[in-house]
Amino acid sequence: MLATRTIDRSVTSRAEAFSALTDCHLDGAYRMAAVILASQLEAEDAVHDAAVIAWQSFGQLRDPARFEAWFGRIVVNQCRDRLRARRRRPVGWLAADPPDRLIPDASEPLAARNALGRALAVLEPDELTVVALRFWRDFTLDQIAERVGIPVGTVKSRLHHALGRLRTAIQVEEDRP
Amino acid sequence: MTDDRLERSLFDLLGGRDPGPPPERLRRAVAAVPALPARRDRFARLAGLSRLAAAAMLVVAVGIVLQGRPGPTPPAPGVKPAGTSPAPLEPGTGLVTPAAPVVPVMIVFQVIPAAAILVGWRLRSRIGRRAVVLLVPALMVGYGSLAFTDVLGFRGGASQVQPARTEDDGDGVPLLVMLVEPGDLFRIALTVTNVSAVPVTLRGLDPDATGMFVGLGLLRDPQVFDPEAAVAFQPVELPPGGQVDVVALLDAGPCATDPGPEVGGIILEQVPLVSSTFGWERTTWVELPFRVKVPRTMNCAEP
Chain G
1 MLATRTIDRS VTSRAEAFSA LTDCHLDGAY RMAAVILASQ LEAEDAVHDA
51 AVIAWQSFGQ LRDPARFEAW FGRIVVNQCR DRLRARRRRP VGWLAADPPD
101 RLIPDASEPL AARNALGRAL AVLEPDELTV VALRFWRDFT LDQIAERVGI
151 PVGTVKSRLH HALGRLRTAI QVEEDRP
Chain Z
178 MTDDRLERSL FDLLGGRDPG PPPERLRRAV AAVPALPARR DRFARLAGLS
228 RLAAAAMLVV AVGIVLQGRP GPTPPAPGVK PAGTSPAPLE PGTGLVTPAA
278 PVVPVMIVFQ VIPAAAILVG WRLRSRIGRR AVVLLVPALM VGYGSLAFTD
328 VLGFRGGASQ VQPARTEDDG DGVPLLVMLV EPGDLFRIAL TVTNVSAVPV
378 TLRGLDPDAT GMFVGLGLLR DPQVFDPEAA VAFQPVELPP GGQVDVVALL
428 DAGPCATDPG PEVGGIILEQ VPLVSSTFGW ERTTWVELPF RVKVPRTMNC
478 AEP
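As they're listed, the protein sequences go chains G and Z. Residue numbering for the first sequence is 1 to 177, as defined by my numbering. Residue numbering for the second sequence is 178 to 480, as defined by my numbering.
Any given hint could be a false lead.
[Claimed, not checked] Computed far set for chain Z versus chain G, every beta-carbon distance over 12 Å: (1) Phe188; (2) Pro265; (3) Ile444.
[Stated by the list, open to error] With the Cβ distance kept under 10 Å, some of the chain Z side facing chain G (calculated, not the full set): (4) Pro196; (5) Arg202; (6) Ala206; (7) Ala208; (8) Ala212; (9) Leu213; (10) Met475.
Since the hints were derived computationally from the structure, they do not count as laboratory data. A virtual CB, placed ideally from N, CA and C, is assigned to each residue, including glycine.
In isolation and in its complexed conformation, chain G is listed as follows:
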């Protein structure tokens, strides 16, 4: 019902429509950003920035039914920008700002989970984004391609390379005496 509502061009109704749509999809956007960024605070900033960008170009959205994918793409782009910005910060920033509220996983040995976490940290932002969308949201390759704005073939290759790098990084951790 919400998705089929026509976006009125007047400012007031536009604001109402935007608020309704963002409120509807805020949960998924925030959780996706938190998973990608591994930080709730950064996720809040990223989603808020994405909302500002979305509102500023809301007039360009012709089909309200596409809002979720459109907004999700903006959020993903924000997350990617933030991951890239992290890379430019001095080494040690990640260690000083660990992921918030990590839930300990009893089924996995702590060392292995930490190794995987460190391996994720060395992935390129684009790779990490694809991995997060694939293994957390269980998105199909087509859905990831739409959300990130790249061809399906690129999604496949990024996923392949990312998993390869993760395996290598974990293997190095496991081989370490």
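Starting from the known structure of chain G, arrange chain Z on it as the hints suggest.
Same frame as chain G, now just chain Z:
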């Protein structure tokens, strides 16, 4: 680690990062977003205009390049084919009208830097933003200064006018009063220097500038600086600092008369030469190191 185990571990690890529902403060902040000033909304519309401006710039730039591309220069009247002795300087030789659409270009140069900044504002890549916001306007300014600053000048060359009598104009600049009869042709020999830092092609003389200039010739022998030795003009490439001796042919007009204290006249201070820089043709007014006065009878109606 097997593929299954890796994928399961990823599910677990990434699932562990899922914080659950967003905090209330984020909901409130996002709900307040529509109340923010719609600055980017206005910019988005301007960005559309900037794309149009960029497209216009592209069209004009391509047009300038195509129009101004040095191709086979059509022989001017009086120019003999290569391989024969050069034709003498006669009325009609060396005349060329600049092809560049100056006014649209100037408009584009006003719009494009602003457009580039607007487009750059919207780019996500920081390098892209810097490139567009800084480099593009810098290039525009550079190209604009090439187009609108003088590329040709006199700068210490030789000059000669025949036949003339020199008077003092009172401000230190020699005033050469022409000794001509109505309808006479007279010549001004002048060394033209490329005063810019880029190669310039001297393409001829702009006949539309004053109506008095009727031809342009070259002095090919650097040892002979005699206006009467001029041959028909052909385009000349001038490297930065390069010089060439040219001879402008002028028509005194039907109202010219012997000089006397009571007659008026036309005073020439510049020669309108057409040059081409990177395919951009335009008229450059080359300042003469003297003034040329063509005495005219009063109350003479020109045809």
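Exercise. Taking the numbered hints from earlier one at a time, note which ones the structure violates and give those numbers from smallest to largest.
Key: Hint check: 1, 10 fail, others pass.
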